[in-house]
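Join these two chains into a complex; the hints should help.
Residue numbers (this note's numbering), protein chains in the order written: chain A, 1 to 320; chain B, 1 to 267.
Source of the hints: derived by calculation from the structure; they are not laboratory data. Where a beta carbon is used, it is the ideal one built from N, C-alpha and C, also for glycine. Just so you know, not all the hints are guaranteed correct.
[To be verified] Only some residues are given here: those of chain B computed to face chain A with a beta carbon under 7 Å:
| no. | residue |
| --- | --- |
| 1 | Pro17 |
| 2 | Pro18 |
| 3 | Thr26 |
| 4 | Leu33 |
| 5 | Lys36 |
| 6 | His37 |
| 7 | Pro39 |
| 8 | Leu103 |
| 9 | Asp105 |
| 10 | Leu110 |
| 11 | Pro111 |
| 12 | Pro182 |
| 13 | Met186 |
[Said to hold, decoys possible] Some chain A residues well away from chain B (every beta-carbon gap over 10 Å; in silico):
| no. | residue |
| --- | --- |
| 14 | Gly9 |
| 15 | Ser11 |
| 16 | Asp24 |
| 17 | Thr52 |
| 18 | His66 |
| 19 | Ala86 |
| 20 | Glu203 |
| 21 | Gly217 |
| 22 | Glu221 |
| 23 | Asp237 |
| 24 | Arg245 |
| 25 | Val275 |
| 26 | Arg277 |
| 27 | Ile289 |
| 28 | Glu291 |
[Said to hold, decoys possible] Far from chain B, by Cβ distances over 12 Å, these chain A residues were calculated:
| no. | residue |
| --- | --- |
| 29 | Phe26 |
| 30 | Ala112 |
| 31 | Arg240 |
| 32 | Leu252 |
| 33 | Gly253 |
| 34 | His260 |
| 35 | Pro262 |
| 36 | Leu264 |
| 37 | Glu273 |
| 38 | Ala284 |
| 39 | Gly286 |
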Amino acid sequence: MSPAIETAGLSKTFGETRALNGVDLFVRRGMVYGLLGPNGAGKTTMIRILATLIRPGGGSARVLGHDIVKEAAAVRAKVSLTGQFASVDEDLTGHENLVLVARLLGFSWRDAKARARELLRAFDLEDAARRQVRTYSGGMRRRLDIAASLVARPELLFLDEPTTGLDPRSRNQVWDIVRAIAGEGTTVLLTTQYLEEADRLAERLAVIDHGRLIAEGTSRELKASIGGRTVHLRVSDPARRDEARALLAETLGHDVHDGHEPTLLAVQCADDEHVPRVLTALTARGIAIAELALAQPSLDDVFFALTGRPAEERPTEEAA
Amino acid sequence: MTELAFRTATTVARIRPPSALSATLTLGWRALLKIKHVPFQLFDVTVFPIMMTLMFTYLFGGALAGSTQAYLQYLLPGIVVQTVLFLTVYTGVGLNTDIQKGLFDRFRSLPIWQPAPIVGALLGDLFRYSLAAVVVLIVGLILGFRPEAGPVGVVLAVLLMLVFASAMSWPWIIVGFLVRQPESVMTTSFLLFPMTFVSDIFVDPRTMPAWLQSVVAVNPVTHLARASRGLMHGSVQLFDIAVVFAASVVVTAIFAPIAMRLYYKER
Ligand SMILES: Nc1ncnc2c1ncn2[C@@H]1O[C@H](COP(=O)(O)OP(=O)(O)OP(=O)(O)O)[C@@H](O)[C@H]1O
Ligand SMILES: [Mg+2]
Numbered sequence: 001m002s003p004a005i006e007t008a009g010l011s012k013t014f015g016e017t018r019a020l021n022g023v024d025l026f027v028r029r030g031m032v033y034g035l036l037g038p039n040g041a042g043k044t045t046m047i048r049i050l051a052t053l054i055r056p057g058g059g060s061a062r063v064l065g066h067d068i069v070k071e072a073a074a075v076r077a078k079v080s081l082t083g084q085f086a087s088v089d090e091d092l093t094g095h096e097n098l099v100l101v102a103r104l105l106g107f108s109w110r111d112a113k114a115r116a117r118e119l120l121r122a123f124d125l126e127d128a129a130r131r132q133v134r135t136y137s138g139g140m141r142r143r144l145d146i147a148a149s150l151v152a153r154p155e156l157l158f159l160d161e162p163t164t165g166l167d168p169r170s171r172n173q174v175w176d177i178v179r180a181i182a183g184e185g186t187t188v189l190l191t192t193q194y195l196e197e198a199d200r201l202a203e204r205l206a207v208i209d210h211g212r213l214i215a216e217g218t219s220r221e222l223k224a225s226i227g228g229r230t231v232h233l234r235v236s237d238p239a240r241r242d243e244a245r246a247l248l249a250e251t252l253g254h255d256v257h258d259g260h261e262p263t264l265l266a267v268q269c270a271d272d273e274h275v276p277r278v279l280t281a282l283t284a285r286g287i288a289i290a291e292l293a294l295a296q297p298s299l300d301d302v303f304f305a306l307t308g309r310p311a312e313e314r315p316t317e318e319a320a
Numbered sequence: 001m002t003e004l005a006f007r008t009a010t011t012v013a014r015i016r017p018p019s020a021l022s023a024t025l026t027l028g029w030r031a032l033l034k035i036k037h038v039p040f041q042l043f044d045v046t047v048f049p050i051m052m053t054l055m056f057t058y059l060f061g062g063a064l065a066g067s068t069q070a071y072l073q074y075l076l077p078g079i080v081v082q083t084v085l086f087l088t089v090y091t092g093v094g095l096n097t098d099i100q101k102g103l104f105d106r107f108r109s110l111p112i113w114q115p116a117p118i119v120g121a122l123l124g125d126l127f128r129y130s131l132a133a134v135v136v137l138i139v140g141l142i143l144g145f146r147p148e149a150g151p152v153g154v155v156l157a158v159l160l161m162l163v164f165a166s167a168m169s170w171p172w173i174i175v176g177f178l179v180r181q182p183e184s185v186m187t188t189s190f191l192l193f194p195m196t197f198v199s200d201i202f203v204d205p206r207t208m209p210a211w212l213q214s215v216v217a218v219n220p221v222t223h224l225a226r227a228s229r230g231l232m233h234g235s236v237q238l239f240d241i242a243v244v245f246a247a248s249v250v251v252t253a254i255f256a257p258i259a260m261r262l263y264y265k266e267r
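Isolated chain B (complex conformation) (with noise of 0.2 Å):
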């Protein structure tokens, strides 16, 4: 039987090796067969913000904004953010599984575009931020929210989040490069937590004491929650936009190359 079919084979003749696009995109292919076959971890990774949502808005909601309607206005379109920087840990965590089952031995020895599998990887992780992303916008929506900008202000919040987020995933693929199993790399996610509370994604920093409020103000993070804010009510500030935007690229510019140095490096 064997025989049979590596004859047939021959008549595949060698064929000439992907373009960069086409290894990338089939390789970000391969990251939403993934979601399809295991849609439960995007559901695990909602359930904490949504649990947030949930508390925040009705057991301080009140206090915090007089009434918890109004603070649901407030809170979610932080929480997304949210959502989405806590996803970008995922990244490392699935490179570093590729990386011990071995996969990426396989990709590399492929006559392909050699940074495709983190590229591809990183296509399918935007996906799988959107999908996210949504989920939680639609809990939000049935308990109330009501963005004012409506659903073109939505999407540009979300594609502003997509920026930062990517732009995110580097650390973490580092991380992902650098430790030994996968569950290592979720371990370090704890430092997402500093980041995204010590930011007006939950309150107005205006109460809290002086050094913290520059440091608030000098996290990142508080720019994308305002700016996702203003996009979804339709006040936007051109100026946290451009911290995002200006975020991102530094971020990127630092911890891409060394991601590369590391996956040219042998293991």
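Same shape as in the complex, but just chain A (with noise of 0.2 Å):
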């Protein structure tokens, strides 16, 4: 059977900008999938190809076998895309923004409705159903907008920074929601700017930056190339950080980077009986310990590790 998405040297250009640069990406059927990246990275640009929105620049790619430029409607069929911000009518109730859609897609009025008493079922709408949108929560919203983008069973589904903006509650609920739906068998793609939503929902990542794919795998994978966990350490004194930092790549043997704040350091440790070396070196040199954290790597960790640098965040014009 095809792949679900097969793509070479896929390309786009907006003005100047080189939103996507070159990308080779391949993702079986089946799978959720984890397309990770800063801020203007090209997440939206790639999905929005991808779902046949705007045309490739230059490259190629298949989705679920078709061509996305010549045969655009056969993976308009197949596909759903749920965007980056939330693409339901506010004037309308959940309900009818249901009844809308499968209207749209060919159902009767009659199977539209049933479709959307489902649909808001399961994604625990009921109560908020005949009340208009523009009432909803952020979480809401986002579950509707899923919700809408399963009218109709898609093969594959692009999520498009689901969880961005949800507190930790409604990301769980969204989260549930994408391990069910893959576990119907629908493929996911989902982006993201958060190495652990990746981590606990996509069984492969992709790391994008610049419009460039500069790593591949699955979470474990990337995670060992980045060299286990991260250790985030506050120092007392401000003034010693550049001290610690440089005592502890002595002692670890690799390069140590700062963290966003003046006290901070975040520090990879491949194996956790590096942790006790990294505070007795700092008690030995009398480097006092604020607070100390041992974490996953976090995106800025992996960008750290793959590119030598701080995942930068590019002016992003707002895209129309």
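Take a look at the structure:
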């Protein structure tokens, strides 16, 4: 069977901006695949091209076996897209929004209403079904938006940053939904800025930066390539951070980079046994530690490991 | 919970894409729902014409036509025209809102006849125009407007307005595609002021300077207002109706293709 997604040298330029720069991506059917990247990396551009909303500038792509340019209609009939910003009609109720989509997919009025009710129940929106969407919370809106993408079961679902801006509870709900969708055999391509999210949901992931694919693999492979876990360390005296950084780099034998705040350091520990060594070294030198936390590497850590620089934010013009 | 519901969903077999007509009507239905949920929008836009009616009738009516009642008979059909024309801006506003909210992305990714979202919105707008016309007509009747040709004449006049208004919606659709915010569409609507004022909606152009008279004479709004008055009072000139139709065809022929090109162009 053809793969869910296969791209070769996919590129897209907006004016001067190279949003995508020769991306080769391969996604098997039936998996949740994560596209990880900071603001402006090209995630949305990638998804919009694959969903046939915009044309690629160069390269080629096949989605579910169909060429995205020559067979756009065939692709459209099999995929569904939940964009980065909820695309539901604020003036309509949740129920009406779903009926609208169902009708536009060719459901009869009766089936459309039945399907809308079914989805509202599944997404825990029954109580709000008859309320205008403008009264919904961010999490409810997201769920409705995803529900709208599932009216006809797509073979491939694109989710663009499905949890950005949601509180932890709503985020968990969305995660459950994504797992349930995948459990039904739908391939899911989701973009995210959080390694944790990709780690929890995605079987494999690709890291993109400045329109280029800079790493690909399972999250275990990716984290291994970064080197285990990260110790986030706060020194009491910001003046001694440079000293601490140099000391730790020497102790562990690899670079240590600064965190976002003047007292913060992020230290990769390939081995848990390295953690006490970090502590010992600092105490021996008399550098006071204000705070210490052991964490999964963040996107920043991944970027630092892969590119040698933090994932800086590009000035993003609001894309129309 | 979710899992169960997704499974039941499998019973819904893949369905055939809707016909162009069905997709358009469904999107028209959406426009009606919006009117239902946000009815105030409609009354908002009739406040201005009603104010104009009151001001012109009672301030200038006597001076312009001998009596306020005589002037109201002259003015009201033109005011309905003005109301409907001002509403055409909202076609562009609504469209722009849909684009900004990402709704058009969703529509475009559905297997529907691609112009359906635009044509559907236009259908809904026609209904909105009719409702607004009815509101203004009712206020007119209360004030003492008496159409001599009766309800049939009034209905025909409103239908003629709908023809011209649907043509005039296209330029606003284009504006809706080009600007970044719905508010910007609204700001461009000032263009409608010269278009409706430099016509014979408010006064007989005979007392205007000659150059202005010639502008008024070529303004299709003049012919629409004249035809509407004629239809409502039973003295219509076929020439005016013909001009309105011709102008509608020309405006549509110029602007609709541009609008559709912009629609297909990626954003
Ligand atoms: N329509 C457009 N016109 C001009 N530039 C664009 C357009 N769409 C995207 N870009 C630019 O292309 C680059 C990639 O944008 P894209 O939206 O794909 O990034 P992203 O990874 O989705 O970012 P974010 O996390 O902020 O959503 C950015 O520099 C952006 O400014
Ligand atoms: Mg994006």
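Quick rundown of the hints versus the structure:
With 7 Å as the threshold, the beta carbon of Pro17/B comes within range of chain A, its nearest partner Cβ sitting at about 5 Å, so the hint holds. Taken as an interface hint, Pro18/B checks out: its beta carbon lies about 5 Å from the nearest beta carbon of chain A, inside 7 Å. Below 7 Å, beta-carbon pairs count as interface contacts, and Thr26/B has one with chain A at about 4 Å; its hint therefore holds. For Leu33/B, the shortest C-beta to C-beta distance to chain A is roughly 6 Å, which falls under 7 Å, so the interface hint holds.
Checking Lys36/B against chain A: minimum C-beta separation of about 9 Å lies over 7 Å; hint violated. Evaluation of the His37/B hint against chain A yields a held restraint, the C-beta minimum of about 5 Å falling below 7 Å. The interface hint given for Pro39/B is violated, since its Cβ lies 11 Å from the closest Cβ of chain A, which is over the 7 Å cut-off. Taking 7 Å as the C-beta cut-off, the interface hint given for Leu103/B holds, the closest approach to chain A being about 5 Å.
Contact between Asp105/B and chain A, as hinted, is supported at the beta carbon level, the nearest pair being about 6 Å apart and thus within 7 Å. Hint status for Leu110/B relative to chain A: holds, with the closest Cβ pair at about 5 Å, below 7 Å. Below 7 Å, beta-carbon pairs count as interface contacts, and Pro111/B has one with chain A at about 5 Å; its hint therefore holds. The criterion of a C-beta within 7 Å of any C-beta in chain A is not met by Pro182/B, whose closest approach is roughly 12 Å, and the hint is violated.
Residue-level restraint check for Met186/B is violated (minimum Cβ-Cβ distance to chain A is 17 Å; threshold 7 Å). Gly9/A, annotated as away from the interface, keeps every beta carbon of chain B farther than 10 Å; the closest lies near 20 Å. For Ser11/A, the shortest C-beta to C-beta distance to chain B comes to about 15 Å, beyond the 10 Å cut-off, and the non-interface label holds. Non-interface status of Asp24/A relative to chain B is upheld: no Cβ of that chain comes within 10 Å, the nearest being about 23 Å off.
With a cut of 10 Å on Cβ distances, Thr52/A falls inside the contact zone with chain B, its closest approach being about 7 Å. Distance check on His66/A: its Cβ is at least 13 Å (rounded) from any Cβ of chain B, clearing the 10 Å threshold; non-interface status holds. Ala86/A, annotated as away from the interface, has a beta carbon of chain B within 10 Å; the closest lies near 7 Å. The beta carbon of Glu203/A is kept farther than 10 Å from every beta carbon of chain B, the shortest such distance being approximately 19 Å.
Annotated as non-interface, Gly217/A keeps its C-beta farther than 10 Å from every C-beta of chain B; the closest such distance is 29 Å. Distance check on Glu221/A: its Cβ is at least 29 Å (rounded) from any Cβ of chain B, clearing the 10 Å threshold; non-interface status holds. The Cβ of Asp237/A sits about 49 Å from the closest Cβ of chain B, beyond the 10 Å cut-off, so the non-interface label holds. The claim that Arg245/A is not at the interface with chain B holds, since no C-beta of that chain comes within 10 Å of its own (minimum 44 Å).
The Cβ of Val275/A lies farther than 10 Å from every Cβ of chain B, with a closest approach of about 39 Å, so its non-interface assignment holds. The Cβ of Arg277/A sits about 46 Å from the closest Cβ of chain B, beyond the 10 Å cut-off, so the non-interface label holds. Against chain B, the non-interface label of Ile289/A holds: every CB pair exceeds 10 Å, the least being about 44 Å. Look at Glu291/A: its CB is around 39 Å from the nearest CB on chain B, clear of 10 Å, so calling it non-interface holds up.
The non-interface label for Phe26/A is consistent with chain B: the shortest C-beta to C-beta separation is roughly 23 Å, beyond 12 Å. At roughly 9 Å, the least C-beta separation between Ala112/A and chain B is not larger than 12 Å, which violates its mark as non-interface. Annotated as non-interface, Arg240/A keeps its C-beta farther than 12 Å from every C-beta of chain B; the closest such distance is 49 Å. Every CB of chain B lies more than 12 Å from the CB of Leu252/A, the least distance being 44 Å, so the non-interface label holds.
A cut-off of 12 Å between C-beta atoms confirms that Gly253/A is not in contact with chain B; the least separation is 48 Å. Against the 12 Å criterion, His260/A stays outside the reach of chain B, whose nearest CB is about 31 Å from its own CB. Distance check for Pro262/A against chain B: the nearest CB is about 39 Å away, which clears 12 Å, and the non-interface claim stands. In this structure Leu264/A is separated from chain B by more than 12 Å, as the shortest Cβ-Cβ distance comes to about 37 Å.
Residue-level check passed: Glu273/A sits 42 Å from the nearest beta carbon of chain B, beyond 12 Å. Every C-beta of chain B lies more than 12 Å from that of Ala284/A, the closest at about 53 Å, which supports listing it as non-interface. Even its closest Cβ contact with chain B, about 55 Å, leaves Gly286/A beyond 12 Å, as expected for a residue assigned away from the interface.
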